[in-house]
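Asker: Chain by chain, the residues run as shown.
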Amino acid sequence: MKRRVAIVGAGITLFRRRMLESPKELSFEASKMALDSAGLTLKDIQSVVSGSAPDAFDGVHMKGEYYLDGMGAIGKPHQRVYVGGGTGVFTPVGGWWNVASGLYDTCLCVAEEKMSPLHPHPQYAFWSIFDQILERPLGTTLLWIFSLEMRRYMHKYGIKEEEIAEVAVKNKGNAIDHPSAQLGARISVDDVMRSEPICEPVKRLDVSPPSDGAAAVILASEKVAKKLTDQPVWLDGVGWTLDSTHWTNRDLAYPEYVEKAAKMAYKMAGIKNPRKEIEVAEPYDPFDYKELHHLEGLQLAGKGEAPKMTVDGVTQRDGDLPVCPSGGLLGVGNPIAAAGMMKICEIFWQLRGEAGKRQVKKDARTGLAQAWGDLMQVGTVTVMRS
Amino acid sequence: MSQKITSYPGHEITPDEVKEGKYLHVIYKFEPRYSWAAGVAISRFLTELKDGKIVARKCYKCQRILVPPRMYCEQCFRPTDEWVRIKDTGTVNTFSISHVGTDARRLKTPILIAVVDIDGASPGMGILHNLGEVEPSRITIGMKVQAVWKRAEERQGAITDIRYFKPVER
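So the protein lines, in turn, are chains A and B.
Per the working numbering, residue 1 is the first one in the first sequence, and the count goes up by one each step.
Per the working numbering, residue 1001 is the first one in the second sequence, and the count goes up by one each step.
FYI, nobody ran anything at the bench for these hints, they're computed from the structure.
From a predicted model like this one, the values you see are computed outputs, not experimental measurements.
In this text, a Cβ means the ideal position worked out from N, Cα and C, and glycines have one as well.
Incorrect hints may have been included.
So the derived label-pair ranges between C-beta atoms look like this [to be verified]:
id : chain 1 : residue 1 : chain 2 : residue 2 : range
1  : B       : Thr1109   : A       : Asp190    : 57 to 65 angstroms
2  : B       : Leu1107   : A       : Lys160    : 24 to 32 angstroms
3  : A       : Arg136    : B       : Gly1021   : 31 to 39 angstroms
4  : A       : Asp36     : B       : Gln1156   : 57 to 65 angstroms
5  : B       : Asp1081   : A       : Ile187    : 49 to 57 angstroms
6  : A       : Glu256    : B       : Trp1149   : 53 to 61 angstroms
7  : B       : Gln1156   : A       : Glu256    : 30 to 38 angstroms
8  : B       : Lys1022   : A       : Ile187    : 28 to 36 angstroms
9  : A       : His61     : B       : Arg1151   : 54 to 62 angstroms
DSSO-like, lysine-lysine: derived pairs with alpha carbons at most 27 angstroms apart [as the list claims (entries may be wrong)]:
id : chain 1 : residue 1 : chain 2 : residue 2
10 : A       : Lys260    : A       : Lys43
11 : B       : Lys1050   : B       : Lys1108
12 : A       : Lys357    : B       : Lys1019
13 : B       : Lys1022   : A       : Lys24
14 : A       : Lys156    : B       : Lys1144
15 : A       : Lys267    : A       : Lys223
16 : A       : Lys24     : B       : Lys1061
17 : A       : Lys32     : B       : Lys1019
18 : A       : Lys76     : A       : Lys24
19 : A       : Lys362    : B       : Lys1004
20 : A       : Lys226    : B       : Lys1166
21 : A       : Lys43     : B       : Lys1087
22 : A       : Lys2      : A       : Lys76
23 : A       : Lys2      : A       : Lys260
24 : A       : Lys263    : A       : Lys362
25 : A       : Lys267    : A       : Lys2
26 : B       : Lys1022   : B       : Lys1144
27 : A       : Lys227    : B       : Lys1022
28 : A       : Lys160    : A       : Lys308
29 : B       : Lys1053   : A       : Lys160
30 : A       : Lys156    : B       : Lys1029
31 : B       : Lys1019   : B       : Lys1053
32 : A       : Lys260    : B       : Lys1061
33 : A       : Lys308    : A       : Lys361
34 : B       : Lys1019   : B       : Lys1087
35 : B       : Lys1087   : A       : Lys156
36 : A       : Lys267    : A       : Lys357
37 : A       : Lys260    : A       : Lys223
38 : B       : Lys1050   : A       : Lys361
39 : B       : Lys1029   : A       : Lys24
40 : A       : Lys223    : B       : Lys1004
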């Protein structure tokens, strides 16, 4: 029988284009902050789950083995989970297995990423995720799949680029209030529209930046959590699924794998009507249109309806369904795995009423974090309650 | 960040500071070489490309005609049954105009890319490829296109044996 799992602490470093700290040092800083916030020390931690995206970014093979001492994982059961961009939300899902199964009462979950080592640009690492026989010879870049998907999504539902740009405006604006943020800014739809076209229809301000950073949370069993805090945030639903890498055979207008992951998490958490019951959401937003795509996959908006919700202000911090109150990847930054974990941290702080200037207006008790990745094929979802 | 936390760890460094030697770093170039076996299905696919033909695999159970071809049907989870020659024409499912190359450097001439649903395969069975002989502003979703092949003696059994897809003239 599975046990109820709570988040009892969280930590995060600055997110920046290039950080002095090594992966081990970044991991240590985020882990230590999470431990301190939970009032725990390393000896209280029974297992460690870590997440980091492709080894190709920092050129360190077997990264899980390399950075583990910065996560306090020496001599403890440690596992690294990896589903590309979905990793950050998958990391606490891995931690949930450890605690819900009854194996351990405490689990430290850490996500770390340094994209800056790779030159001339971290984008280059993404070349190697494409099919090595049929796609790489065409000179692929990751931007291609996003621009192709964005175009198909716009075509299917008659969405305008200006509507999509509203997401970048909102998230970069929200990030001004996030102390870790790399790209918080007041910008306009016009700024997005006039920014450099890099892979049409994707323009420079539609995209999140490459970043370095780390973030961590601590999971505890119900028994331990209730001793540690009177404000546990319950990890009541987890879901994850993958589609195949045959992405050119897929309906690019709708992320079915995200729907499946969300339905798994909703079922576990007893969520019957997501749009009514989820009160704050952090869907994955590496590109502005992805936030919309994911809101639809998560059943938080009807198909093709997320742009209107955004234009109408529903997804603002004071709206009926605040979305990416953190500032998201577009504003806070996108150190791949750490960015997903940043979303977990944000929902944790939002549900505890600790988000300060970022606190959403409504009294949110149920929240959701989601990440996405690999070759447009994975959805990872968590539902949390205070 | 929680409002309860007042200091945030980490030190940003700039490319100039690295250049000036303010922070030490080590440069390493990784130059491995790989030889990938193309696999049973894709070896045949590439051999047919060399002959100027596109082939797919058919699953008798779900009746789907799969391209890129695979020796197993991932939905029925059984071996596929038959090689089927499909056309070298298709429909633009989606497209993009890329101003950046693989390493994000800006290109002088943009690359036109598309997912092309191939005629004769099941609906939605597309492949990634380039578009050519078309003004970027004239590309539309739903546009009919046809493969432009390299000359027979230049073909190597590679996806690039098709140079690009061009609009079908009517």
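Asker: With reference to the structure, classify each hint as holding or not holding.
Answerer: Taking the hints in turn, this is what the structure says about them:
Taking the beta carbon of each, Thr1109(B) and Asp190(A) are about 28 angstroms apart, not inside 57 to 65 angstroms as hinted. For the hinted restraint 24 to 32 angstroms between Leu1107(B) and Lys160(A), the CB-CB distance of approximately 26 angstroms keeps it satisfied. Separation of Arg136(A) from Gly1021(B) is about 36 angstroms and conforms to the stated range, judged on CB atoms against 31 to 39 angstroms. Separated by about 60 angstroms at the C-beta atoms, Asp36(A) and Gln1156(B) satisfy the suggested range of 57 to 65 angstroms.
A hinted range of 49 to 57 angstroms holds for the C-beta pair Asp1081(B) and Ile187(A), which are about 55 angstroms apart. The given range of 53 to 61 angstroms is broken by Glu256(A) and Trp1149(B), whose C-beta atoms sit roughly 35 angstroms from each other. Between Gln1156(B) and Glu256(A) the beta carbon distance is about 36 angstroms. The supplied range of 30 to 38 angstroms therefore holds. Roughly 31 angstroms separates the CB atoms of Lys1022(B) and Ile187(A), a value that falls within the hinted 28 to 36 angstroms.
Distance hint for His61(A) and Arg1151(B): a CB-CB separation of about 42 angstroms, inconsistent with the stated range 54 to 62 angstroms. Simply put, Lys260(A) and Lys43(A) have alpha-carbon atoms about 38 angstroms apart, too far for the 27 angstroms limit, and the pair is violated. For the hint pairing Lys1050(B) with Lys1108(B), the CA-to-CA distance comes to about 30 angstroms; that exceeds 27 angstroms, so the pair is violated. Restraint check: the Cα-Cα separation between Lys357(A) and Lys1019(B) comes to about 37 angstroms, which exceeds 27 angstroms; the hinted pair is violated.
Distance restraint check for Lys1022(B) and Lys24(A): the Cα-Cα separation of roughly 21 angstroms lies within the 27 angstroms cut-off, and the hinted pair is therefore satisfied. A threshold of 27 angstroms between alpha carbons decides the hint, and for Lys156(A) with Lys1144(B) the separation of about 18 angstroms falls inside it, so the pair holds. This hinted pair checks out: Lys267(A) and Lys223(A) have alpha carbons roughly 24 angstroms apart, not beyond 27 angstroms. Between Lys24(A) and Lys1061(B) the CA atoms are separated by roughly 51 angstroms; this puts the pair beyond 27 angstroms, and the hint is violated.
For the given pair, Lys32(A) sits about 31 angstroms from Lys1019(B) by alpha-carbon distance, which is inconsistent with the 27 angstroms threshold. The suggested pairing of Lys76(A) with Lys24(A) holds, with an alpha-carbon distance near 16 angstroms, which does not exceed 27 angstroms. Only pairs whose Cα atoms come within 27 angstroms are accepted, and Lys362(A) paired with Lys1004(B) is accepted, the gap being roughly 20 angstroms. Restraint check for Lys226(A) and Lys1166(B): not satisfied, since their Cα atoms lie roughly 65 angstroms apart, outside the 27 angstroms limit.
Between Lys43(A) and Lys1087(B), the direct Cα distance comes to roughly 65 angstroms. Violation of the 27 angstroms bound is thereby established for this hinted pair. Between Lys2(A) and Lys76(A), the direct Cα distance comes to roughly 22 angstroms. Compliance with the 27 angstroms bound is thereby established for this hinted pair. This hinted pair checks out: Lys2(A) and Lys260(A) have alpha carbons roughly 21 angstroms apart, not beyond 27 angstroms. A distance of roughly 24 angstroms separates the Cα atoms of Lys263(A) and Lys362(A); the hinted pair therefore holds under the 27 angstroms criterion.
Of the supplied pair hints, the one linking Lys267(A) and Lys2(A) holds, its CA atoms being roughly 14 angstroms apart against a limit of 27 angstroms. Simply put, Lys1022(B) and Lys1144(B) have alpha-carbon atoms about 57 angstroms apart, too far for the 27 angstroms limit, and the pair is violated. For the hint pairing Lys227(A) with Lys1022(B), the CA-to-CA distance comes to about 47 angstroms; that exceeds 27 angstroms, so the pair is violated. Note on Lys160(A) and Lys308(A): the hinted pairing holds, with a Cα-Cα distance of about 10 angstroms set against a maximum of 27 angstroms.
At roughly 38 angstroms between alpha-carbon atoms, Lys1053(B) and Lys160(A) are farther apart than 27 angstroms, so this suggested pair is violated. Pair hint Lys156(A) plus Lys1029(B) does not hold up; C-alpha atoms about 44 angstroms apart against a cutoff of 27 angstroms. Distance check on the hinted pair: Lys1019(B) and Lys1053(B) sit about 52 angstroms apart at the alpha-carbon level, beyond 27 angstroms; violated. For the hint linking Lys260(A) to Lys1061(B), the alpha-carbon distance of about 25 angstroms falls within 27 angstroms, and the restraint holds.
The straight-line distance between the Cα atoms of Lys308(A) and Lys361(A) is roughly 21 angstroms, inside the 27 angstroms bound, and the hint therefore holds. The hinted pair formed by Lys1019(B) and Lys1087(B) fails the criterion: a straight-line CA distance of about 54 angstroms is larger than 27 angstroms. Restraint check for Lys1087(B) and Lys156(A): the C-alpha separation of about 26 angstroms stays at or below 27 angstroms, so the hint holds. Of the pairs offered as hints, the one joining Lys267(A) and Lys357(A) is violated, with about 33 angstroms between alpha carbons and a cut-off of 27 angstroms exceeded.
The hinted pair formed by Lys260(A) and Lys223(A) fails the criterion: a straight-line CA distance of about 31 angstroms is larger than 27 angstroms. Taking the CA atoms of Lys1050(B) and Lys361(A), the gap is near 62 angstroms; set against the 27 angstroms cutoff, the hint is violated. A distance of roughly 22 angstroms separates the Cα atoms of Lys1029(B) and Lys24(A); the hinted pair therefore holds under the 27 angstroms criterion. Between Lys223(A) and Lys1004(B), the direct Cα distance comes to roughly 25 angstroms. Compliance with the 27 angstroms bound is thereby established for this hinted pair.
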